[in-house]
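Enquirer: Next come the chains, spelled out residue by residue.
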Amino acid sequence: MPVYDVLIIGAGLAGQRAALAAARTGATVAIMSKVHPVRSHSNAAAGGINAALNPDDSWESHAFDTIKGSDYLGDQDAIEIMCREAPDEVLWLEHAGVTFHRNADGRLGTRAFGGASAARTYYIADITGQALLHVLYEQLMKHHTQIDRYEEWFITGLAQDDEGHCTGAVARNIHDGSMELFSAKSTILASGGSGQCFKPTTNALICTGDGMAQAYRIGAPLMDMEMVQYHPTTLAENGILITEGARGEGAHLYNAQGERFMEKYAPNKMELASRDVVSRAEQTEINEGRGFPDGTVALDITKVPRKRTLEALREIVNIGRDFAGVDITREPIRIRPGCHYMMGGVKADVHGRTSVPGLYAAGEVACVSVHGGNRLGANSLLDTLIFGRRAGEHAAARAAGMDRPVGHRALVRDHERRIAELMHRTGGRRVSEIRDELGTMMNEKVAVFRDHAGLTEAHEVVRRLKEEARTATIDDHGAIFNQDVLGAIELEYMLDVAECIVVGALERKESRGAQFRTDFPKRDDEEWLKHINLSFNGGDTPAVSYTPVSITKWEPQERTY
Amino acid sequence: MPDYTLRIRRYSPESGEAAHWDEFPVDLEGHRSVLDGILQIKDRLDGTVGIRCACQQAICGSCGVRVNGRPVLACHLHLDEAFERAADGVIVVEPMGNMPVLKDLIVDMHEVHWKKIQRVTPWLIPDGDPPEREYIVPRDKMIDVTQTMACIQCGACVSDCLSMEVDPLFIGPAALAKAYRFVGDPRDGQQEQRVRDLAEDPHGIYDCTHCFNCIEACPKGVAPMSQIMRLRRIAGDHGIEDRNNGHRHETAFVRNIEKNGLLHEADLLPDSYGGKFHPRAVPVLVSSLPTIVRALQRRKVTPARALLHKHKAPKEVKRIFRDVHDREERYELNLYVVGEEENGQ
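Going down the list, the sequences are from chains R and Y. Each residue of the first sequence is one higher than the last, beginning at 416 in our numbering. Each residue of the second sequence is one higher than the last, beginning at 424 in our numbering.
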């Protein structure tokens with residue numbers, strides 16, 4: 416039975432950064448992921464990473480932009496930490512080998528991004544997330560004697576001792592189906608978001624909310640779950656992302672009548688207003704009949720000089736060509752708002768600690784909350800790295816003073832038995848059918864515009880699907896790479912998360928950030944300047960509680976762009 | 424009526440059966456990807472089909488497979504394009520080559536791919552402590568190494584590498600492209616040590632036979648073979664005369680063409696070892712005698728053609744050499760930096 420000081424679940428940027436930080440203190444570290452680390456969804460963060468590194472810029476300005484972007488739901492103490500530490504983190508990355516774009520003078524160059532009052536986004540073409548992820552993996556390979564990697568292991572559940580402390584996790588080796596209990600003094604969830612609850616989504620097939628559901632099931636509350644970011648520029652059919660970097664480089668949005676409609680909604684920032692604002696503007700144009708017949712508007716990247724596009728937006732040139740049949744350097748591309756990011760997640764403090772002792776969370780799986788009601792572009796990479804590192808450091812320090820946790824093999828046998836039962840189910844609906852129904856429904860009822868009737872219906876559907884998922888059919892009875900059985904477990908995770916999203920959205924009777932209730936179209940600071948926490952209490956719906964928003968020096972104001 | 428038929432190579436080590444082919448109908452429009460097709464099969468018909476996949480937009484590198492014999496990301500090839508290239512109207516999907524199959528379309532990348540990545544010391548090794556702020560480096564140098572940073576480690580190049588098929592120990596196109604990412608990075612302090620190591624390794628940079636398969640296979644434009652050639656040039660810049668005789672062979676080859684216009688093979692071999700009378704060349708010439716004799720017997724060469732080569736390089740060839748020599752800057756084989764502009768597009 417493997418025992419570690421720190422066990423990290425998920426090997427995207429947050430997980431890898433946590434592993435490196437924990438290993439640096441001398442702790443024994445394992446990092447585990449259901450995919451090879453470089454397949455993680457951090458890859459998809461194209462545009463860049465924010466930091467007030469330029470002498471003309473200030474962390475306060477970055478913090479204010481983030482707070483305003485969050486529609487004042489972000490916790491200001493956490494945002495201050497993130498923005499203060501951002502410059503050093505970017506330099507750490509640069510020194511570790513990230514090939515950041517340079518200015519003509521050889522110094523780090525920036526590009527503009529949405530909702531930001533200065534150009535403070537550092538980038539590598541439009542493969543920033545990919546470049547960061549691969550450079551961190553270089554560092555994992557460098558430190559291979561200090562960090563054990565478990566690649567292609569799937570977590571079936573977290574382990575707890577009698578006092579409710581988290582003591583590790585049970586995992587299935589995808590290669591051969593064997594199950595193992597990994598005991599750990601501290602466990603860090605860094606397993607990403609849950610965009611697959613929506614269809615289409617920009618998120619990879621692996622973003623199934625595993626960590627959120629695992630934490631929820633052992634009693635850690637989820638926070639801000641109603642805050643689901645719809646990205647303004649995604650391809651209609653398959654949800655593929657067109658980076659905000661395109662608008663940062665100067666691309667414009669037009670409706671079917673050729674109007675640059677952002678003039679009406681955000682006369683100052685135009686296309687570079689924050690994402691919730693731009694997505695709502697697009698959806699309004701589409702709903703009021705000024706979109707194209709396929710329910711889209713146009714993103715015109717031909718405004719950007721061709722040479723610059725080929726150098727700095729190369730990946731979306733490829734995406735346009737390969738996935739939409741459009742040469743974006745010569746013609747506009749049709750886009751619409753699409754599910755992109757979970758601001759909410761496992762409630763965590765600025766050290767990554769969740770409400771369950773021994774359990775940490777960092778990155779998209781967590782809600783610190785630095786993004787509040789709406790995340791600014793290029794703040795997600797920053798969030799993963801800052802809070803990944805902080806969680807890694809704190810988890811290692813906690814472990815240093817502790818005894819080895821006692822693991823119970825009985826837990827492994829429970830999980831083995833459960834999977835064996837699951838594997839031999841027949842006669843129910845197919846997992847894929849339930850998954851598709853969930854995603855399509857969420858994208859209809861829990862999207863840019865929401866209301867009580869739609870959300871109530873959504874909740875009923877989710878509860879029915881939860882029932883149906885219990886008997887869903889499994890074709891594959893094997894041990895080696897049984898993706899079928901993992902898909903069924905992921906579906907259960909997704910349904911738990913989807914229910915929390917819907918319950919949170921029903922609960923918040925106001926419009927703030929990504930949550931727009933047509934039946935409550937105003938922000939209501941009197942009543943709702945607070946976080947909604949959802950906890951599993953053994954009953955059939957999540958229990959609701961609230962925590963106040965931390966406000967340090969920026970009082971809520973009206974939000975215009 | 425299905426729109427397409429996929430013939431998938433199946434293998435499950437648990438079943439005890441040999442690998443075999445299964446055909447499945449796919450009901451999708453032509454602009455959807457082969458991966459969409461495979462996922463539809465898994466969803467509707469057979470949940471046991473194994474394939475790795477995540478992003479569905481050609482950035483995670485999970486779904487490398489062979490379609491109609493060519494390595495691709497399954498998410499990156501449209502069904503209609505695959506259909507056009509299908510021999511008998513059936514789209515053939517099988518696992519990548521050069522790597523052991525674990526199940527169906529899933530291969531073991533650890534042994535063949537990742538261990539070789541680890542082999543090239545894949546992390547930045549700067550000289551001394553880092554500066555207080557960022558390293559100040561030329562803009563184009565960073566854009567240059569960004570081409571190799573664009574590698575998503577999908578294994579498509581490894582799948583079809585001919586040298587690796589012959590020499591499984593060949594470091595291979597992906598790992599060598601990764602090596603260039605550090606060799607070309609001005610912040611790294613080990614450029615010479617890195618290229619020396621890769622030049623002296625008998626399975627290193629001179630093991631590549633320039634078949635271009637990796638360039639064609641790469642879905643991200645990394646052009647691994649070009650990066651290998653650049654490693655060789657940098658090895659040459661450092662005057663590294665490797666024990667594999669790679670550098671001398673390359674130099675002899677270029678001189679041979681410059682002089683003759685057409686390759687004169689009888690000169691190439693001794694020249695690669697320092698000339699006909701060089702002590703190093705003698706054992707090589709002796710050991711290649713059986714090959715020479717066989718070629719003579721089969722009349723592939725005649726003694727006259729082998730010994731007397733009267734062909735002189737034509738003007739056009741000389742002009743190419745002059746043009747290349749006269750360039751102030753070396754042509755750097757990098758699309759991020761030069762390709763598009765020089766194409767005049």
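Derived from the structure by calculation, the hints contain no laboratory data. The beta-carbon is built from N, C-alpha and C at its ideal position, and this holds for glycine as well. Please note that the accuracy of each hint is not assured.
Said to hold, decoys possible - Partial list, computed: chain Y residues near chain R (C-beta under 8 Å): (1) Ala477; (2) Val524; (3) Lys538; (4) Pro553; (5) Met572; (6) Asp608; (7) Asn683; (8) Leu685; (9) Leu686; (10) Val724; (11) Thr725.
As the list claims (entries may be wrong) - Calculated Cβ distances over 12 Å to all of chain R for the following chain Y residues: (12) Asp426; (13) Arg430; (14) His443; (15) Asn521; (16) Asp611; (17) Leu719; (18) Lys738; (19) Glu739; (20) Tyr754.
Enquirer: If a hint holds in the structure, say so; if it does not, say that too.
Expert: Against the structure, the hints come out as follows:
A distance limit of 8 Å between C-beta atoms decides the matter here; for Ala477 (chain Y) the minimum to chain R is near 4 Å, and the interface restraint holds. Because the closest C-beta pair between Val524 (chain Y) and chain R is about 11 Å apart, greater than 8 Å, the hint is violated. Interface hint status for Lys538 (chain Y): violated, as the beta-carbon distance to the closest one in chain R is roughly 11 Å, over 8 Å. A hinted interface residue such as Pro553 (chain Y) counts as satisfied when its beta carbon comes closer than 8 Å to some beta carbon of chain R; here the least separation is about 4 Å, so the hint holds.
Interface hint status for Met572 (chain Y): upheld, as the beta-carbon distance to the closest one in chain R is roughly 5 Å, under 8 Å. For Asp608 (chain Y), the interface hint holds, the least distance from its beta-carbon to any beta-carbon of chain R being 7 Å, beneath 8 Å. The interface hint given for Asn683 (chain Y) is broken, as the beta carbon of that residue sits about 40 Å from the closest beta carbon of chain R, more than 8 Å. Annotation: interface hint on Leu685 (chain Y) violated; nearest CB of chain R at approximately 38 Å, more than 8 Å.
Residue-level restraint check for Leu686 (chain Y) is violated (minimum Cβ-Cβ distance to chain R is 37 Å; threshold 8 Å). Of the supplied interface hints, the one on Val724 (chain Y) is violated, with its beta-carbon coming no nearer than about 47 Å to a beta-carbon of chain R, more than 8 Å. Interface restraint check for Thr725 (chain Y): the shortest CB-CB distance to chain R comes to about 52 Å, outside 8 Å, so the restraint is violated. No Cβ of chain R approaches the Cβ of Asp426 (chain Y) within 12 Å, the least distance being about 16 Å, so the stated non-interface status holds.
Non-interface status of Arg430 (chain Y) relative to chain R is upheld: no Cβ of that chain comes within 12 Å, the nearest being about 19 Å off. Interface exclusion of His443 (chain Y) from chain R stands, the closest Cβ pair being 16 Å apart, more than 12 Å. At roughly 18 Å from the closest C-beta of chain R, the C-beta of Asn521 (chain Y) stays outside 12 Å, upholding its exclusion from the interface. For Asp611 (chain Y), the shortest C-beta to C-beta distance to chain R comes to about 8 Å, within the 12 Å cut-off, and the non-interface label is violated.
Annotated as non-interface, Leu719 (chain Y) keeps its C-beta farther than 12 Å from every C-beta of chain R; the closest such distance is 51 Å. Once the 12 Å rule is applied to beta carbons, Lys738 (chain Y) is consistent with being away from chain R; the minimum gap is 35 Å. With a cut of 12 Å on Cβ distances, Glu739 (chain Y) stays outside the contact zone with chain R, its closest approach being about 32 Å. With a least CB separation of 18 Å from chain R, Tyr754 (chain Y) remains clear of the 12 Å interface cut-off, as annotated.
Of the numbered hints given earlier, the model fails hints 2, 3, 7, 8, 9, 10, 11, 16; all others are met.
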